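Participant: In order, the protein sequences belong to chains A and B. At position 26 of the first sequence (counting the first as 1) the number is 26 in UniProt numbering, and the numbers step up by one without a gap. At position 194 of the second sequence (counting the first as 1) the number is 194 in UniProt numbering, and the numbers step up by one without a gap.
Please keep in mind that the hints were generated in silico from the structure rather than gathered at the bench. As the structure is a prediction and not an experimental result, all values here were calculated from the model. Incorrect hints may appear among the rest.
Across the chosen pairs, the derived CB separations fall in these ranges [to be verified]:
#1 A:S69 / B:Y8: 30 to 36 Å
#2 B:E16 / A:H734: 50 to 56 Å
#3 B:T146 / A:T34: 34 to 40 Å
Computed footprint of chain B on chain A, listed as stretches where at least three residues anywhere in the stretch have a Cβ under 8 Å from a Cβ of chain B [to be verified]:
#4 132–145
#5 153–167
#6 397–409
#7 711–723
#8 784–796
Computed footprint of chain A on chain B; a stretch qualifies when at least three of its residues, placed anywhere within it, have a C-beta under 8 Å from a C-beta of chain A [unchecked claim]:
#9 2–9
#10 184–193
#11 251–265
Cβ atoms here follow ideal geometry from the backbone N, Cα and C, with glycine treated the same way.
Chain by chain, the residues run as shown.
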Amino acid sequence: MTAVEDRAGLPSDEPAAPEIGKARRRKEDARLITGKTTWTDNMVLPGMLHLAVVRSPVAHARITHVDVSAVREAPGVIAVYTGQDFAEEQGSLPCAWPVTPDMVNPGHPSIAVDQVNHVGEAVAVIVARTKAAAQDAVELADVDYEPLPVVLDMERAVAEGADLVHDHLESNTSYHFVFDAGEMGTGSDTDQAFADADVVVSRRFVQQRLIPAFMEPRSVVVQPQGDNYTMWSATQIPHILRVMAAMVTGIPEHKLRVVAPDVGGGFGGKLQVNPEEILCLLIARRLGKPVKWTETRSESLMTAHHGRDQIQFVDVAADREGNVKGLRVRLLADMGAYLRLITPGVPALGAFMYPGIYKFPAYRFECDGVFTNKVPTDAYRGAGRPEATFAIERIMDELAVELGMDPLELRRRNWIDAAEFPFTTVAGLAYDSGDYETATQQALELLGYDELRAEQQRRRESNDPVQLGIGFSTFTEMCGLAPSRVLGSLSFGAGGWEHAAIRMLPTGKVEVVTGSTPHGQGHETAWSQLVADSLGVPFEDVEVLHGDTAISSRGLDTYGSRSLVVGGSAVVKAADKVIAKARKIAAHLLEASEDDLDFAGGKFSVRGTPGTGLGIQEIALAIFAAHDYPEGIEPSIDAEATFDPENFSFPHGTHLCAMEVDTETGFVKIRKYACVDDVGTIVNPLIVEGQVHGGLAQGIAQALYEEAVYDDDGNLTTGTFVDYLVPAASDLPHFDTGNTVHAAPGNPIGAKGVGEAGCIASTPAVVNAALDAVRHLGVTDIRMPLTPERVWRALHDGGDGGERATARTNAQAADSTEGPSMTGGAL
Amino acid sequence: MIPAPFSYARPTTVEEALQAIAEGGEDVKVLAGGQSLIPVMRLRLAAPETVVDLGRVDGLRGVRDDGDAIVIGAMTTHSDVLSDPLIAEHAPLIAEATGTVADRQVRHRGTFGGALVHADPAGDLPAVALALDAEFVIVGPGGRRTVPAAEFFVDYLTTAVEEGELLVEVRVPKLAGSWGMRYEKFNRVAQAWSIVAVAAVVRRENGRIAEARVGLTNMGPTPLRARQVEEALAGAEATAEAVAAAAERAAEGTEPSSDLNAQADYRQHLATVLTRRAVTAAAGL
Ligand SMILES: Cc1cc2nc3c(=O)[nH]c(=O)nc-3n(C[C@H](O)[C@H](O)[C@H](O)COP(=O)(O)OP(=O)(O)OC[C@H]3O[C@@H](n4cnc5c(N)ncnc54)[C@H](O)[C@@H]3O)c2cc1C
C-alpha cells in the first residue's frame with residue numbers, strides 16, 4: 001500500500017520536501033469521478049444537430065440499393081447521407097505505418113459506398129434535431145445487400161484459393177514483415193542455431209481478439225464558424241487527429257482546431273482517426289451547423305477498433321544445460337477488414353520484444369498481416385508487446401518442462417545480469433538499466449513462494465480436487481515512444497518527440513502546456529509535481545493545460561507509456577530554460593554576477609550572502625511589469641522545449657501468480673498475485689500503483705475473461721457487457737506490489753514508463769500458473785481466456801480446451817449451438 | 001441507446017394498474033425494477049406501446065407473516081429481501097440466492113416479482129421458488145388465482161402470468177422440522193448470471209435424509225426439479241457417499257442450452273458437481 005500525502009500544510013519558511021516521490025492524490029480526480037466536467041457528450045452548442053449512424057448488419061456484401069426517403073420524412077430529421085453523397089470528398093481514413101514498402105492498403109472510406117466489409121460499417125448517417133429523433137429514424141433506412149463470402153479465419157484466409165475480403169486485391173495478405181537478426185547483423189544465423197541445438201520446443205499460441213472497452217464512449221462535436229472548424233473529440237490524440245483530419249478532408253490545418261476535453265479512458269482504443277470524426281466534419285461543413293455524435297455501448301463494442309488477434313508459431317532452441325540458442329517466431333496477425341492508423345505496426349512493434357530479457361544469440365521474426373471481415377485491430381494497451389511477452393514467457397516454461405528444469409532456474413541462466421547493462425539484444429535494442437535478480441527475489445518474498453510451493457506439493461499428494469500452481473513472468477518492455485529517428489527507420493509516419501511550454505503568470509502562478517494528452521493517467525498531478533520541484537513553486541500554483549491544439553500547439557499525445565518519459569522530460573527541459581532566463585533577470589535585479597547566483601527552493605540568492613534573494617515568482621511579476629530588466633534580452637521568462645529521446649526506456653519486473661484450479665469444475669481463482677516492477681524514477685507512487693493495478697486487471701482479463709467472439713456470419717456475439725466479460729474489483733485478488741528503482745539514463749527524470757507494465761507482464765504469469773497447477777494431470781496448454789469450460793475440457797478431453805470452444809473466434813465453430821443463443825441472462 | 005417512444009402510466013393501486021394495462025393498447029409492458037425490461041427496450045429488442053410502472057403501487061412491496069407461510073410482495077426489491085427478518089427466519093435460501101444476483105445497484109432496483117415473471121433460465125430466483133414449493137398469486141381482469149410453482153414456469157421467458165395480468169405476491173410455505181438449505185451458483189465473474197446453479201433444501205431426521213428438494217437453474221428453458229436426485233435421497237443415509245451417488249443423477253432428463261459460457265454437456269457435468277456440493281452443505285455434512 002502506498003501512504004497518501006494530503007496537502008502538506010507545512011509552515012512556509014521550512015524547505016518543502018521534494019514533490020517527486022510524494023504519493024499525491026490526483027488533483028483532477030474529483031471532477032473526473034463526479035462527471036462534473038467537459039466530457040465531450042456533455043457539450044451543448046446553440047443549434048446543435050445530432051447524428052445517428054445506420055450500420056451494416058452483414059459482414060461482407062455489395063450494397064445494391066439504398067433508399068433513405070422514409071428517413072428523410074421522419075419527424076425531426078434534417079438530412080440523411082449515404083456513401084454516394086461523400087464518395088468524392090471523403091478520401092480514405094489514414095494508415096500511418098506502412099511497415100513494408102510493398103504493404104497493400106485497400107483504403108478505408110469513412111462511410112461505405114458500394115461494399116461493406118465488416119458488421120457495423122457505416123452505410124448512412126442521419127442528422128436530426130434530437131438524438132432520439134435520429135435514433136428513431138435508423139430503422140427506416142432501407143438498404144439492400146448482395147452477400148459475399150465471409151472471411152473470418154486467418155489460417156483459411158491465407159490458404160490457396162481463399163475467398164477474398166477485398167476482391168480487387170490479389171490475396172488477403174497485406175504485408176509480410178521480417179526481422180532477421182542474422183541479416184541485420186545483431187545476431188547469428190537462426191537456421192544454423194536450430195540445426196545445432198540439442199532441444200527444440202515449438203508451440204502455437206492464440207492471442208484472442210480483445211476489445212479496449214474504455215469507460216467513456218466515443219463522442220465527437222464539430223462546430224463550424226465561417227471556414228474555421230472546431231472539433232471536440234473523446235480522443236487520445238488531438239494533435240495527430242488534427243493533422244490527419246486536415247489531410248483527409250482538405251480543411252486546411254490552420255483552419256481546424258481539435259480539442260480533447262476530459263477523456264474517460266482509451267487504452268489505445270482512442271488512438272485512432274475514427275470514421276465518425278471525419279463524417280462529423282464533412283456534415284458540419286455541408287450544413288454549416290454544429291453536430292454531435294456519441295456512440296452507444298453496442299456501437300462501441302461492435303465498431304471501435306479491437307486489439308490483439310494473432311496466431312503465434314514460436315520455436316525455441318537450447319542446449320541440454322538450458323542455455324537458449326535461438327528463437328523463431330512466425331505470426332499471423334488479423335488486421336480486420338481495413339488498415340487503420342497503426343494497424344499493421346502493432347505486430348511489428350512487438351517484433352523487437354520476443355527475445356524478452358534473455359540472451360538469445362539468434363532470432364528471426366516473420367509476420368503476415370491478414371485481412372478478414374471483422375472490425376480492424378489496432379493499438380490496445382501494450383500493442384504488440386503483451387503478445388511478445390506472452391509468447392516468450394510461455395515458451396520458457398515449456399522449455400523448462402522439456403529440459404526438466406525449474407522454470408526460474410532456466411530464466412536465471414539466460415537473463416541479462418545486472419552488471420551487463422546497457423545490453424544490446426539480438427533484436428538490436430539497447431536495454432538501458434535494471435536488475436532482474438533483485439526484482440525476482442523481492443517478488444518471491446512478497447508472494448511467500450516457499451510456503452506456496454509446499455502447499456502445492458501437499459495438494460498434489462492428497463489428490464485435492466483444488467490444485468495449486470505458481471506462474472512466472474520475468475518481463476521487460478520498450479517504453480518512452482519514441483526516438484524519432486528510430487521511428488523513421490521503421491517507416492512510421494511521424495516522430496516520437498514531445499513538446500512542453502511553461503508560462504509564468506504575473507502573480508507567480510505557473511501554466512504548463514503539455515503536448516501529451518491525458519485520458520485518465522493523472523498528468524495534471526504528476527506534471528505539477530515535476531514543475532514544483534524544478535521551479536521551486538508550490539504544487540498548488542501549477543496548472544497543467546493540455547488537449548487543445550489552440551493552446552498546446554505542438555504535441556504527439558499519449559500512448560506507449562510515453563507521457564512522463566518523453567512529455568515529462570520536455571516539461572523539465574522547459575523549466576530549465578525558464579530558470580536560465582530568470583537567472584539573467586535575477587542577476588540584474590540583485591546587482592550580482594549570474595555566476596554568483598544559487599538557485600534553490602524557487603529562489604535566486606547571491607552565494608555567501610544569506611538573507612538576500614529573489615523568488616522566481618517575484619521575477620515573474622517583475623518581468624511582466626518589465627520596468628527594469630537588462631539590455632539585450634526580451635522581457636519574458638516563458639519557455640518551450642521539445643524533447644526527442646535517443647533511446648527507448650526499458651521497464652522490467654517479475655510477476656508471480658499463485659492459482660487455484662478446481663479440477664471438478666475447471667474454475668480458476670487467483671490465490672495470490674505479487675509483482676515487483678522497475679519503472680525507473682517514481683514521481684508519484686500512488687499513480688504508479690494505480691497504473692500497475694489497472695494494467696494487471698486488463699492483463700488478467702486477457703488470461704481469464706475477455707474475448708471478442710464472432711459467429712460464422714461475422715456477427716459480434718460478445719456485443720454487450722453481459723457476454724464480453726470485463727472483470728470488476730470483486731473478481732480480482734489483492735495485489736502485492738513492489739518496486740526496484742534503476743533510473744533510466746535516457747531522460748532527465750529517470751522514468752521508464754508504467755502505463756502498460758501490468759498489462760504486458762501479467763497475462764503469461766496467470767496462464768503459466770494455471771498450467772503449473774494441472775500439468776501433472778497431463779495438461780500442456782489451455783487456450784485464452786481460461787474459461788472454466790476450457791480448463792475442464794483440457795483436464796478431461798486433453799488438448800487446449802479450444803476445439804470444442806466455449807468462445808469461438810472464427811469459422812472453425814463447427815457444431816451449431818442448440819437452444820436459445822443468448823448466454824445466461826437475456827437481460 | 002434510446003428506447004423507441006412509448007406512453008407511460010404510473011398507477012398507485014393494483015386496480016389502477018390493471019385498468020392502465022387494459023387501456024394501454026396493443027403491446028403493454030409492466031415495469032417493475034426495470035433491470036431486465038429497460039435494457040431490452042434500450043437495445044430496441046422490445047418497443048412497447050405503453051409502459052405501466054408499478055413503482056408507486058406501495059401495496060405490492062414488503063413481506064408479511066401469514067401463519068403457515070410468508071408472503072412476499074411482487075415489488076419487494078432484492079435489497080429489501082436481503083435485509084428482511086421473516087425471509088431470514090423462514091426462507092434463508094431466498095436471501096442466499098438473492099445475494100448472488102448481479103450487483104448492489106441492480107439489487108437496489110430489481111424486484112423479487114420481476115425476476116420471477118421475467119423467468120430468465122439463468123435467473124437465480126425461479127429455481128429457488130421451485131425448490132421451496134412457492135405459490136404465485138396472480139390478478140387480472142378475471143379476478144385472482146393462485147398457481148403452484150410447478151405450473152408457473154411455462155417456457156423460455158414465459159410464465160403462467162397472462163397478458164393483462166399481474167403477479168401480486170408469492171407465498172412461501174414455512175418449513176417445519178430441521179431443514180438445511182444451500183444455493184450453489186456457478187458463474188465466471190461475480191456480477192454475472194448463473195451458468196448453472198443448484199438450490200437444495202434438505203430435511204434430516206435421525207441421521208438420514210428424510211426429504212430433499214433440488215432446484216436447477218439454467219438446465220433448460222425453465223427451472224427444473226432434479227426429481228431423480230430427490231428420490232434417491234429420500235430416506236438415504238446422510239453420508240457424503242450417498243449424496244454423491246444421488247447427485248450423479250442431477251442432469252438426467254435435462255436439455256440445457258449451449259452458449260458462450262458452456263456447452264450442454266459441460267452444463268450437465270456442472271449440475272452433478274454443484275448438486276453434490278449444495279446437498280452436502282444443506283444436509284450439514
Ligand atoms: C447487470 C445485471 C445483472 C443481473 N444479474 C442477475 C443474476 O445474476 N441473477 C438474476 O437472477 N438476475 C440478474 N439480473 C436480473 C435482475 O434480477 C432483475 O431485477 C430481474 O430479472 C427483473 O426484475 P425487475 O424488477 O428489474 O423487472 P423488470 O425489468 O421491470 O421486468 C421484467 C419483466 O417482468 C415483467 N414484470 C415485472 N413485474 C411484473 C409483475 N408484478 N407482474 C407481471 N409482470 C411483471 C415485466 O413486464 C418485464 O417483462 C441482472 C440484471 C442486470 C441488469
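Participant: It remains to establish, for every hint, whether it holds in the given structure.
Facilitator: Taking the hints in turn, this is what the structure says about them:
1. A:S69 / B:Y8: 30 to 36 Å: holds, 31 Å
2. B:E16 / A:H734: 50 to 56 Å: holds, 51 Å
3. B:T146 / A:T34: 34 to 40 Å: For B:T146 and A:T34 the Cβ distance comes to about 49 Å; the hint is violated.
4. 132–145: With 4 residues in contact (Cβ-Cβ under 8 Å with chain B), the coverage given for the region 132–145 of chain A holds.
5. 153–167: violated (count 0)
6. 397–409: Violated: only 0 residues of the region 397–409 of chain A have a Cβ under 8 Å from chain B.
7. 711–723: holds (count 5)
8. 784–796: holds (count 5)
9. 2–9: Coverage by chain A holds for the region 2–9 of chain B (3 residues, Cβ < 8 Å).
10. 184–193: holds (count 8)
11. 251–265: Three-residue rule met by the region 251–265 of chain B, so holds; n is 10.
Checked against the numbered hints above, the structure breaks hints 3, 5 and 6 and satisfies the rest.
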